[in-house]
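Letter by letter, the chains look like this.
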Amino acid sequence: MPALPLDEAGKYVAAAYLVFLALILIYVAIMAVKLGRIEKELVELNELADRAEESK
Amino acid sequence: MYGKGMRPLAIGTFFVLTGAFALVFFWVPADADQGFIQKIFYLHVPMAIVALGGFIAGGVMAICHLRTGNSKWDLRSYVSIHMALVLAVGALITGSIWARAAWGHWWVWDEPTLVSFLIVFLLYATYQPLRFAIEDPEKQARYASVFAITAGAFVPLNFLAVRMAQSLAHPRVLGATGGSMPSEMRITFYVSLIGMALLFITLWKYEMASKHTTAQLRNLRRRLLGDDSVAPTGRSAAPSTVLPARPKP
Numbered sequence: 001m002p003a004l005p006l007d008e009a010g011k012y013v014a015a016a017y018l019v020f021l022a023l024i025l026i027y028v029a030i031m032a033v034k035l036g037r038i039e040k041e042l043v044e045l046n047e048l049a050d051r052a053e054e055s056k
Numbered sequence: 001m002y003g004k005g006m007r008p009l010a011i012g013t014f015f016v017l018t019g020a021f022a023l024v025f026f027w028v029p030a031d032a033d034q035g036f037i038q039k040i041f042y043l044h045v046p047m048a049i050v051a052l053g054g055f056i057a058g059g060v061m062a063i064c065h066l067r068t069g070n071s072k073w074d075l076r077s078y079v080s081i082h083m084a085l086v087l088a089v090g091a092l093i094t095g096s097i098w099a100r101a102a103w104g105h106w107w108v109w110d111e112p113t114l115v116s117f118l119i120v121f122l123l124y125a126t127y128q129p130l131r132f133a134i135e136d137p138e139k140q141a142r143y144a145s146v147f148a149i150t151a152g153a154f155v156p157l158n159f160l161a162v163r164m165a166q167s168l169a170h171p172r173v174l175g176a177t178g179g180s181m182p183s184e185m186r187i188t189f190y191v192s193l194i195g196m197a198l199l200f201i202t203l204w205k206y207e208m209a210s211k212h213t214t215a216q217l218r219n220l221r222r223r224l225l226g227d228d229s230v231a232p233t234g235r236s237a238a239p240s241t242v243l244p245a246r247p248k249p
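Protein sequence lines, in the order shown, are assigned to chains A and B. Positions 1 to 56 (our numbering) are the ones given, in order, by the first sequence. Positions 1 to 249 (our numbering) are the ones given, in order, by the second sequence.
Because the hints were derived from the structure by calculation, they are not lab data. Check the hints yourself; a few may be wrong.
[To be verified] 27 Å max Cα-Cα, derived DSS-like pairs, lysine-lysine:
(1) B:Lys139 x B:Lys205
(2) B:Lys139 x A:Lys40
(3) B:Lys72 x B:Lys139
(4) A:Lys11 x B:Lys205
(5) A:Lys40 x B:Lys205
(6) A:Lys34 x B:Lys72
(7) A:Lys40 x B:Lys211
(8) B:Lys139 x B:Lys211
(9) B:Lys72 x B:Lys211
(10) A:Lys40 x B:Lys72
(11) B:Lys205 x B:Lys72
[Stated by the list, open to error] Derived coverage of chain B by chain A (criterion: at least 3 residues anywhere in the stretch with Cβ under 8 Å from a Cβ of chain A; other residues may be distant):
(12) 41-49
(13) 214-225
Just so it is clear, CB atoms sit at the ideal spot from N, CA and C, and this is done for glycine as well.
So here's chain A without its partners, still in its complex pose (with noise of 0.2 Å):
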């Protein structure tokens, strides 16, 4: 096959490299969530020791 017009080849390109991007965005994305989820136990976690050191 010939080489693809500049104009139709950077369709393809742009196309597999938004992919790349995507696929990170998505996995960092998913990331952000498990640290939001750390960061809530951790605060209720730190509620629960300064609750027990004031009943002691």
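Based on the hints, put chain B in the right spot on chain A.
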């Protein structure tokens, strides 16, 4: 523990990958045969190589798990295979886009390189369901390790078989003759490969740090409120990340 050195690693990964893509679009010459479309090569091939490397690394970590009996190796193997699967999906999609642009088809079933990579991908796609099917954590880890070692050994064998098979359309990169890439293309390819490997390591450490921190929090909750306060995790494909309980002061 796993969070150590994360920041310089993440920054390094970002700069190497950005540098690689800058080389791809602003420095390396266009391919004489395929033209601009060949730019996908610098993304697709490193993703495929690092994905296969991740599968093999998962197998090596599984060997360490069976030898030592330490569950942290099972977790490392699990995360490595998990990350390699993500990159394998990327390699399949970008390869398909490239095939459409270069050959006029999204997929070619009689091309050994494509089909063999799909077989490896589908083989590892059964890894998570296998883990999920086994409830006992000890048994799950042992069976998963045996699977990871067997499948990990299959990857290089598969690679060699493809090299020996006759190629129909898919080119052989870095062949026995050292490949025929001009030096600019070769340098750009290696920078992309290093960037992709760094990305794999960064995301692997990121995931390990997340799982380790979650386990530490569960342990802390148990110490503060007693065993009853921690809800059972239930059936899961992920390895149990229960840390040994520390004695109360």
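A quick look at each hint next to the structure:
no. : hint                : verdict
1   : B:Lys139 x B:Lys205 : holds (25 Å)
2   : B:Lys139 x A:Lys40  : violated (33 Å)
3   : B:Lys72 x B:Lys139  : holds (15 Å)
4   : A:Lys11 x B:Lys205  : violated (34 Å)
5   : A:Lys40 x B:Lys205  : holds (22 Å)
6   : A:Lys34 x B:Lys72   : holds (20 Å)
7   : A:Lys40 x B:Lys211  : holds (15 Å)
8   : B:Lys139 x B:Lys211 : holds (20 Å)
9   : B:Lys72 x B:Lys211  : holds (11 Å)
10  : A:Lys40 x B:Lys72   : holds (25 Å)
11  : B:Lys205 x B:Lys72  : holds (13 Å)
12  : 41-49               : holds (count 3)
13  : 214-225             : holds (count 6)
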